[in-house]
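Chains as they are written, first to last, in my numbering: chain R, 1 to 341; chain Z, 342 to 489; chain V, 490 to 811; chain W, 812 to 1088.
Any given hint could be a false lead.
To give an idea of the interface, some chain W residues facing chain R are shown, with a C-beta separation under 10 Å as derived from the structure [what the hints assert, rightly or not]: (1) 898; (2) 906; (3) 1025; (4) 1061; (5) 1085.
Interface residues of chain V toward chain R, partial, derived using beta-carbon atoms under 10 Å [what the hints assert, rightly or not]: (6) 499; (7) 525; (8) 547; (9) 549; (10) 593; (11) 595; (12) 616; (13) 620; (14) 725.
Because the hints were derived from the structure by calculation, they are not lab data.
In this text, all values refer to a predicted model and were calculated from it rather than measured experimentally.
Quick reminder that beta carbons are idealized off the backbone N, C-alpha and C, glycines included.
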Amino acid sequence: MLKVSVDKINDLFRAIAATQKLYLPVDTNAGAQYREWSEGVTMSQALNTNRSAKDFFFPQTENLAEFKMEGKKIEVKPQVNEYEDYVVFGVRACDAASFAILDRVFLSEPVDTFYAHRREHGTIITLACNRPAETCFCTTFGVDPAVPGGDVSAWQKGEELYLEAQTEKGEKLLQAVAGALSQAESEDIEPVKAAIRVMMEKLPLAKLSLKGIEDQKMLDLFYSDKWNALSESCLGCGTCTFVCPTCQCYDVRDFDTGNGIQRFRCWDSCMYSDFTKMAHGNIRNSQMERFRQRFMHKLVYFPENNEGIYSCVGCGRCLAKCPIHMNIVKVIKTMGGTENE
Amino acid sequence: MQVEETKEFKPTIVAFCCNWCSYAGADLSGTNRLNYPANVKIIRVPCSCRVNPMFILRAFQRGADGVILCGCHPGDCHYTTGNYYARRRMTLLFSMLDFLGIEKERTRVEWVSAAEGAKFAATMNDFVATITKLGENRRLEDIRCKKQ
Amino acid sequence: MQEAMIKRAKELLAEGTVNRVMGWQAGEFAYDITPTVFSSADELDKAFVYNDFCSANVSKYMIKESRKEGKILCFLKPCDSYSFNQLLAEHRIWRDNVYIIGIPSYGKVDVNKVRAKGVTGITGIHTDGPNVVVETIYGSETMVKMDVMEDRCLCCKSKKHMVYDELLGEEGEVLQSNRFEQVEALENMTPEERYEFWRSELSKCIRCNACRNVCPACTCENCVFDNPASGVANKAPSSDFEENMFHIIRAFHVAGRCTDCGECSRVCPQNIPLHLLNRKFIKDINELYGTYQAGEDKDARGPLTNFTVDDCEPSIVHHRRG
Amino acid sequence: MSERIDPLIPMVGVVTDIRVDTPDVKTFRVEAPEGGKVFEHIPGQCAMLSVPGVGEGMFSITSSPTQKNYMEFSIKKCGCVTSWLHSMEVGQMITIRGPYGNGFPVDTDFKGKDMVFIAGGIGLAPLHSVINYARDKRDQYGTIDVVYGSRSMDDLVDFPEIQNVWCKEEGMNVHLTIDREQEGWDGHVGFVPNYVKELGFDASKTFIICGPPIMIKFTLAGLTEMGIAKNQVYTTMELKMKCGIGKCGRCNIGDKYVCKDGPVFRCDQIDEMTNEY
Chain R
1 MLKVSVDKIN
11 DLFRAIAATQ
21 KLYLPVDTNA
31 GAQYREWSEG
41 VTMSQALNTN
51 RSAKDFFFPQ
61 TENLAEFKME
71 GKKIEVKPQV
81 NEYEDYVVFG
91 VRACDAASFA
101 ILDRVFLSEP
111 VDTFYAHRRE
121 HGTIITLACN
131 RPAETCFCTT
141 FGVDPAVPGG
151 DVSAWQKGEE
161 LYLEAQTEKG
171 EKLLQAVAGA
181 LSQAESEDIE
191 PVKAAIRVMM
201 EKLPLAKLSL
211 KGIEDQKMLD
221 LFYSDKWNAL
231 SESCLGCGTC
241 TFVCPTCQCY
251 DVRDFDTGNG
261 IQRFRCWDSC
271 MYSDFTKMAH
281 GNIRNSQMER
291 FRQRFMHKLV
301 YFPENNEGIY
311 SCVGCGRCLA
321 KCPIHMNIVK
331 VIKTMGGTEN
341 E
Chain Z
342 MQVEETKEFK
352 PTIVAFCCNW
362 CSYAGADLSG
372 TNRLNYPANV
382 KIIRVPCSCR
392 VNPMFILRAF
402 QRGADGVILC
412 GCHPGDCHYT
422 TGNYYARRRM
432 TLLFSMLDFL
442 GIEKERTRVE
452 WVSAAEGAKF
462 AATMNDFVAT
472 ITKLGENRRL
482 EDIRCKKQ
Chain V
490 MQEAMIKRAK
500 ELLAEGTVNR
510 VMGWQAGEFA
520 YDITPTVFSS
530 ADELDKAFVY
540 NDFCSANVSK
550 YMIKESRKEG
560 KILCFLKPCD
570 SYSFNQLLAE
580 HRIWRDNVYI
590 IGIPSYGKVD
600 VNKVRAKGVT
610 GITGIHTDGP
620 NVVVETIYGS
630 ETMVKMDVME
640 DRCLCCKSKK
650 HMVYDELLGE
660 EGEVLQSNRF
670 EQVEALENMT
680 PEERYEFWRS
690 ELSKCIRCNA
700 CRNVCPACTC
710 ENCVFDNPAS
720 GVANKAPSSD
730 FEENMFHIIR
740 AFHVAGRCTD
750 CGECSRVCPQ
760 NIPLHLLNRK
770 FIKDINELYG
780 TYQAGEDKDA
790 RGPLTNFTVD
800 DCEPSIVHHR
810 RG
Chain W
812 MSERIDPLIP
822 MVGVVTDIRV
832 DTPDVKTFRV
842 EAPEGGKVFE
852 HIPGQCAMLS
862 VPGVGEGMFS
872 ITSSPTQKNY
882 MEFSIKKCGC
892 VTSWLHSMEV
902 GQMITIRGPY
912 GNGFPVDTDF
922 KGKDMVFIAG
932 GIGLAPLHSV
942 INYARDKRDQ
952 YGTIDVVYGS
962 RSMDDLVDFP
972 EIQNVWCKEE
982 GMNVHLTIDR
992 EQEGWDGHVG
1002 FVPNYVKELG
1012 FDASKTFIIC
1022 GPPIMIKFTL
1032 AGLTEMGIAK
1042 NQVYTTMELK
1052 MKCGIGKCGR
1062 CNIGDKYVCK
1072 DGPVFRCDQI
1082 DEMTNEY
């Protein structure tokens, strides 16, 4: 366990930024957003960033290849990216948990090389949540905000920031910046952890349980008539999908630049009407079907294929951002039959 | 040794011309052997009001440095009132582009009749000169469409 | 007001005037309210709310709902009634299938502004006269309502209903608002400053389409940006240009029809002040073609589907300001 | 073969032969630019073909893996990509990646079985590969029955091959049908599901169905009536796909991804799936 005084935190940032890029949450007029650190940049005190940290590994758009067309010939030029090491500071436990979920998709065979490279080059420093918000329900998914994970975990206690490496990568990083840190005892942060757990108990969603969902069969949930009322006022926008740390559906598209064809991939949303539209029809024609797909995927299909792990980490972004305030918590409660609790 | 770039900037101009007046005007300027720069690309449209704001933006995306819309003089529209609507639309669009900080000189509307070959050539020469002075379109370009 | 609304809704349901009620449903917390269709007195008792967080404009739902069997009761705030009237003008709503009750709005509270004051862990909020009292797991706080009101309500254009079958509460007046102040401020900047401003704002866009999908003026069956045949379909802003194009075209397409309800800015997850684009068009239309308020008169001709022979030339843009 | 970098990066294939099968179906032969197949596959698997700038689409590989020199795709003109493919000339390059999907269990469940293939219209395409595979390894499989129907005589895909090769082959029975009477047609007339019932197959056989959803539905019902267990019936599915590798998230039917867990499903599995297909 190492520590640094909060008023000297810039020394730590400086030491990290000396060798690689450092990103941390910064207050902007669009809430907290990850920005590159440079002298004078101060870290946001917000609980979480507006957009999730998935952008670091899975950017909203990225080029895959370029095609040069000449007569009947096609030349394929795969996109070659130069990847640099970087550090992300201040990732919360929920977002850190989301990386494991994204890994299951992108790092399973066949490996998505773009994602894999970005993942390898990034070192994640997490930060425990001293002041959780009412929208938090990460504990429902087994995330412990007092033990935030990542390559290095950090805790703030009064005017001190405590850091502890969790992985080899984290160990290496802390060794490299050892000059900015001093030794500390693991017991020092126990009160912080205890305090966080007390706060988590007090949250309005602390008792949210998935039992009601787990007890039902996939097909019963799928054919439930409750979906109609839940999805009734859904706008069919992609807000929930795009702010979600675990949503990873993408589209592959071509753009004619005039000098060739650029093939890129971009985030897509199952809430969009053209998500499954084919030349001869669409299998999910109504917003209800699309809405159902999103939540069935997170709460049923994904766990079915991944040893019971849900594709939600309880970060609460969709609760805060949905234009009509329909969200996964309401779905869990309604589908699980606990809407009045 | 470094060779100094002396390449002169030649803007790409897209001119949307209505079929009944301005396109004929362009034709006339040609038959009268009046010169206007070759970098003006004319796109013939049935009426000036056929031009959707999207056309203007797409022209910029695809490399235009200036876009000009030419139609019949107000009151002379082949379809009676088309250019009156175009006039309102373009006014509002140009104002919006200006609001977004895009140089307002890059867009223009001119009324050119079939008999005004000279006006067509003069307008184009003037517009090309303005854009040449203004330089390359940077604020409304699509970086992907730039030639490497 | 909430009690009066529930009472009246139940009466209308009981006497068979309507078979459904469009309203707002309470959520998990005090502020996360969902527009919902209620179909029984029980449901109304259980979850119907009307308070300072019912900010969603429900008029767009009437396109879909008015096409269903039977009549629906719809509560409209003054600014929603403008949107509703505009949709009537565009023949998008079947008026005969909607029973409208006009309700007052005293300005909606923006929970993001509450959060911006450092308040978190909100378990309850209620308005107490000019103040807002927030209960949190960390204690309770009182703040001045004006400080946490939605921006659009701070420059409210009208408290008057444009269309209704009956009114609950007192009818308000069209107000003198200062809603063009921000647009003017931008107009007074240099083009470079404006360009920087909009680039920094629009580059935040994640193309979630919330602005488009919530907009009561965006009612195309198939949006040009979703249609692969249009040549401009795109799902993500892949370049600065596409960010600009989406918002310019969207604002243009609703120009002259936008009632300035402000939903686009309210729902934007990235806090882009999208309403400024619409207000710019409204301001220009007012200045160049005479004052026009969309949604005011459903029989009026929209400024973009109208003209006079003496309209100004587009070159006026070159001579004005800057 | 060029080196693969990311699974989403395609390779180039050359169209070396185009055969017009029906008014709206063409069969394209695809080879690597240096000759030979672009990749190996098993019957029932698919490949992602694309025309850069137009789009990418998943197509089943029609040729049998026993065909060593090339792959073939029978493609019906339907949307943007297929229309473009139909406008191609020989020598045109396209991009191709794959193979995707599970394919038919030709080396396990199908081994030594009597097989009945039931196809409608372009649904013959994915079955074509298995049929020819079984023909080429005749000793490993039992009898082969093919029930194939189409709207009209002109819409029968690969009619010359069916008539000249399949019909003449020993141990192979081909039953053709068309929807309506037509001049020059002396074969069976009627819909496929009814024809299957008329023919009446032994319940011990393995059935492989592909065709329009409505045909599959009625054929399945017919087979069940005939006392055939659902775990003896296989079908192959198609949904919108973008990645082909189970990541882009759109071709799922319940928890199963058609591109990865399918496209071949046994009919008892389908009963446990949601009805989004």
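Exercise for the section: Against chain R, run the beta carbon of residue 595/V and see if the smallest gap drops under 10 Å. Expected result: violated, 20 Å
Exercise for the section: Please verify that hint: residue 616/V, Cβ, nearest Cβ of chain R, below 10 Å or not. Expected result: Cβ of residue 616/V sits 18 Å from chain R, so the hint is violated.
Exercise for the section: Classify the hint on residue 525/V as holds or violated, based on whether any CB of chain R lies nearer than 10 Å to its CB. Expected result: Hint holds; residue 525/V Cβ to chain R Cβ min 6 Å, cut 10 Å.
Practice task
Closer than 10 Å between Cβ atoms is the bar; does residue 499/V clear it against chain R? Give me holds or violated.
Solution key: violated, 20 Å
Practice task
Return the status of the interface hint for residue 620/V: holds when the least beta-carbon distance to chain R is below 10 Å, violated otherwise.
Solution key: violated, 20 Å
Practice task
With a cut-off of 10 Å on the beta carbons, see whether residue 547/V makes it to chain R.
Solution key: holds, 8 Å
Handout entry: Hint status (Cβ of residue 1085/W to nearest Cβ of chain R, threshold 10 Å)
Key = holds, 5 Å
Practice task
Closer than 10 Å between Cβ atoms is the bar; does residue 593/V clear it against chain R? Give me holds or violated.
Solution key: Violated. Min distance 22 Å.
Practice task
Please verify that hint: residue 1025/W, Cβ, nearest Cβ of chain R, below 10 Å or not.
Solution key: Constraint on residue 1025/W not satisfied, violated at 13 Å.
Exercise for the section: Would you settle whether the hint for residue 1061/W is holds or violated, based on the nearest Cβ-Cβ distance to chain R being less than 10 Å? Expected result: With Cβ-Cβ at 5 Å, under 10 Å, it holds.
Problem - Hint check: 10 Å Cβ-Cβ cutoff, residue 549/V to chain R - result: holds, 9 Å
Practice task
Would you check whether residue 906/W satisfies its interface hint, that is, whether its CB is within less than 10 Å of any CB in chain R?
Solution key: holds, 6 Å
Against the hints set out earlier in the document, violations occur for numbers 1, 3, 6, 10, 11, 12 and 13.
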